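Visitor: In order, the protein sequence lines correspond to chains U and D.
Each residue of the first sequence is one higher than the one before, starting from 1 at the first, in the working numbering.
Each residue of the second sequence is one higher than the one before, starting from 307 at the first, in the working numbering.
By construction, these hints were calculated from the structure, which means they are not laboratory data.
Here the structure is a predicted model, which means the values were calculated and not measured.
Treat each hint with caution, since some may be false.
Stated by the list, open to error - Covered by chain U, according to a simulated footprint, are these stretches of chain D (three or more residues, beta-carbon under 8 Å):
no.: 1; region: 494-502
no.: 2; region: 520-533
no.: 3; region: 568-575
Stated by the list, open to error - Listed next, with one range per pair, are the computed distances between beta-carbon atoms:
no.: 4; chain 1: D; residue 1: L443; chain 2: U; residue 2: P106; range: 30 to 36 Å
no.: 5; chain 1: D; residue 1: S384; chain 2: U; residue 2: F205; range: 38 to 44 Å
no.: 6; chain 1: D; residue 1: E320; chain 2: U; residue 2: L107; range: 32 to 38 Å
no.: 7; chain 1: D; residue 1: P598; chain 2: U; residue 2: D296; range: 51 to 57 Å
no.: 8; chain 1: D; residue 1: R558; chain 2: U; residue 2: D126; range: 56 to 62 Å
For each residue, glycine too, the CB sits at the ideal point set by N, CA and C.
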Amino acid sequence: MTTLLNVDNVSKTFAMGGLLSRKTTAAVQNASFSLAAETPEIFTIIGESGSGKTTLARMILGLETPTTGSITFRGKPVGGATKVERMAFMAAVQPVFQNPFEAFNPLKQIDRYLESTARTFLGLKDRTAVERAMDEALQTVGLSLAEVKGRYPHEMSGGQLQRAAIARALIPNPPLLIADEPVSMVDASLRMSIVNLLKALRDDFGVSVIYITHDLATAYYISNRLIIMQRGRIVEMGDARTVLENPEHPYSRLLKASVLSTEDAGDGKLATNPDMVALATRLATAPGGQLVSRPDGRLVRVYEPV
Amino acid sequence: MAQDNKRRDILTVEGLKAYYQMSYFGVDREVRAVDDITMTVRRNEIYGIAGESSSGKTSFIKVLAAALRPPFRVVAGSVKYDFSSGPVDVADATDAQIEAIRWRHLSYIMQGSMSVLNPVRRIGRTFEDFAARPLGLRGKAFEERVVSHLEKLKLPADVLRAYPHELSGGMRQRVTIGLATVCRPEFIIADEPTTALDVVVQKEVLSLIRDVQQEMGSSVVFVTHDMSVHANMADRVGIIYAGRLVEEGPTRQMFFAPKHPYTAHLVASLPRIGDTTQRPALEGRPPSLAAPPSGCRFHPRCPLAIDKCKTDVPPLQTVAPDHRTACWRWQDVQPLVSPHAAHGVMA
Ligand SMILES: Nc1ncnc2c1ncn2[C@@H]1O[C@H](COP(=O)(O)OP(=O)(O)OP(=O)(O)O)[C@@H](O)[C@H]1O
Ligand SMILES: Nc1ncnc2c1ncn2[C@@H]1O[C@H](COP(=O)(O)OP(=O)(O)O)[C@@H](O)[C@H]1O
Ligand code: SF4
Ligand SMILES: [Mg+2]
Ligand SMILES: [Mg+2]
């Protein structure tokens with residue numbers, strides 16, 4: 001077994017509010033997990049808004065340096081030490097960001113992004129070859145170069161933009177894709193087509209995907225393993241179906257209970273059991289705790305009795 | 307009757323057409339993003355708008371919010387509000403008229419929270435820019451009001467000192483909701499306001515928007531492609547397909563007795579936990595609004611389409627109380643999901 005990605009006891013602390021404030025945020029606390037090179041998988045990160053998912057993703061991409069701990073990709077520190085290594089790393093680990101409106105510069109045409117990716121990472125010079133690579137990637141996500149060419153981000157809808165972003169990431173044929181909420185902006189029908197695309201990338205092309213989402217249903221549908229994060233900490237980790245069918249940590253249980261259902265459509269049910277909320281909220285700030293393993297293979301955070 | 311409706315409705319949209327009219331290197335291009343929409347929104351209701359991506363949802367509500375900019379223009383129709391401060395047609399109001407109603411009477415939560423938050427201004431500054439004048443408060447009093455409002459959104463007072471990039475996507479989204487509701491407007495327009503939130507916070511934010519709405523008796527137009535949000539939030543739901551309103555009705559009917567094949571598909575395409583079966587995706591791709599299909603715009607993808615659908619545009623007709631649909635074969639539409647057996651029982 002060789003390791004594709006190894007996240008080892010990683011933490012990240014931010015100072016908030018600039019110089020005037022001494023307040024810090026522990027965005028990620030002691031996160032550890034690894035992905036094997038031989039078994040491509042969809043590894044899902046679910047969690048609270050602000051629980052550190054994007055921060056973790058940015059550290060894996062080498063865009064942010066961990067405060068403590070280390071992250072390696074194929075045995076080397078992420079980001080690469082030399083310029084050549086950095087290029088190779090960037091081609092191998094491709095991001096798809098959370099908000100398509102933020103991912104694209106409003107003054108730059110969408111196809112320019114795809115074009116520069118194709119030129120930089122595939123080393124293509126010839127115009128027709130570049131356009132073929134772009135069109136192929138766009139077709140995989142249900143768009144075409146003809147549709148996208150010359151358009152600025154504000155001329156596309158959120159879903160179109162996100163599909164274009166995934167197409168861009170696919171151009172260098174990366175072994176690892178970091179997809180931060182790639183489906184949050186798209187409707188159910190398209191959402192399924194995008195998650196099926198991620199699944200196909202794993203099954204047919206051996207691409208591993210770190211899939212960050214708020215959507216438990218698609219997580220259940222495509223993931224191999226998942227972690228659930230609360231306030232910077234991993235609170236549960238394991239086989240996706242085992243965990244989602246029967247979550248153990250109170251925050252995981254609250255998450256599952258909060259999924260909106262259409263079964264009572266029209267009744268305006270938005271209440272959540274207040275005891276569940278209170279317990280999960282208390283644990284969010286409870287000191288330390290540690291991940292312990294269960295017979296079914298999952299890890300769950302447990303806390304010292306108070 | 308007409309008199310009653312007048313008092314009941316706060317917004318009346320008639321025959322609205324709004325297009326993006328562009329010219330690239332001498333070639334004119336027109337995207338008919340809103341193409342002949344007629345509808346009303348009542349006082350004290352939550353009206354949900356759904357539809358697939360690029361169907362024109364955002365474009366439509368940009369018109370409602372008087373937030374359109376060239377090359378996006380109103381080509382025909384009217385958008386009349388009946389505010390406590392007096393009536394106004396935002397389809398042809400002056401900037402000064404819009405300025406007078408913005409935030410206090412009409413507020414707009416845009417899709418993509420970063421677009422309203424100035425990246426180089428602290429959040430607290432942005433609140434001052436938007437809300438200090440409409441609220442008529444300053445200094446300490448203003449800050450207290452904002453902080454107590456942020457508390458309801460589960461945001462710590464610290465965020466006022468933060469810059470937008472220091473907050474997570476979810477926190478920024480709550481900040482924009484805070485901005486839009488702090489002045490207690492009569493009409494709130496929200497574009498995908500909970501799309502970036504985790505399901506726990508999503509539910510809290512939806513409850514919050516509904517509490518604010520009920521407490522103030524205001525109206526909310528709520529856009530999201532997420533049908534499970536509409537199921538739990540909206541009083542009525544309207545479905546947009548290729549720039550047109552294709553069906554509108556009371557929430558429960560839309561889910562369990564839809565009268566348009568597209569609505570039936572939308573409702574049935576929701577994945578569920580515990581379900582790994584592949585759901586039938588809609589054939590074909592979303593239509594281009596630059597060259598929409600003839601007749602019924604849904605016909606190339608519709609399982610019920612007949613020859614007539616290719617040539618004749620179906621009118622949006624009333625088929626049950628409060629329920630309108632634009633389909634030649636509405637009587638043949640079968641719901642693809644049924645109400646839960648244990649309806650009314652909470653686990
Ligand atoms: N550049 C930064 N400076 C200061 N604080 C930051 C910065 N980036 C993130 N944070 C803080 O780190 C924490 C984690 O943020 P992150 O964006 O990773 O959350 P997330 O899990 O991706 O949330 P969401 O689901 O809302 O996208 C938050 O408290 C956030 O305010
Ligand atoms: N500023 C713009 N200029 C030109 N076309 C645009 C602009 N904004 C949106 N469009 C086009 O208008 C159509 C409707 O988009 P939009 O209203 O954003 O859809 P939705 O919100 O339903 O996803 C799409 O075809 C989109 O590409
Ligand atoms: S009018 Fe025809 S094509 Fe359109 S939705 Fe009805 S049956 Fe389908
Ligand atoms: Mg994030
Ligand atoms: Mg939109």
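Visitor: Now, for every hint given, state plainly whether the structure supports it.
Guide: Right, here's what the structure says about each hint:
1. 494-502: Result for this restraint: holds, n = 3.
2. 520-533: holds (count 3)
3. 568-575: holds (count 4)
4. L443/D with P106/U: 30 to 36 Å: 34 Å, holds
5. S384/D with F205/U: 38 to 44 Å: 52 Å, violated
6. E320/D with L107/U: 32 to 38 Å: 37 Å, holds
7. P598/D with D296/U: 51 to 57 Å: 52 Å, holds
8. R558/D with D126/U: 56 to 62 Å: 58 Å, holds
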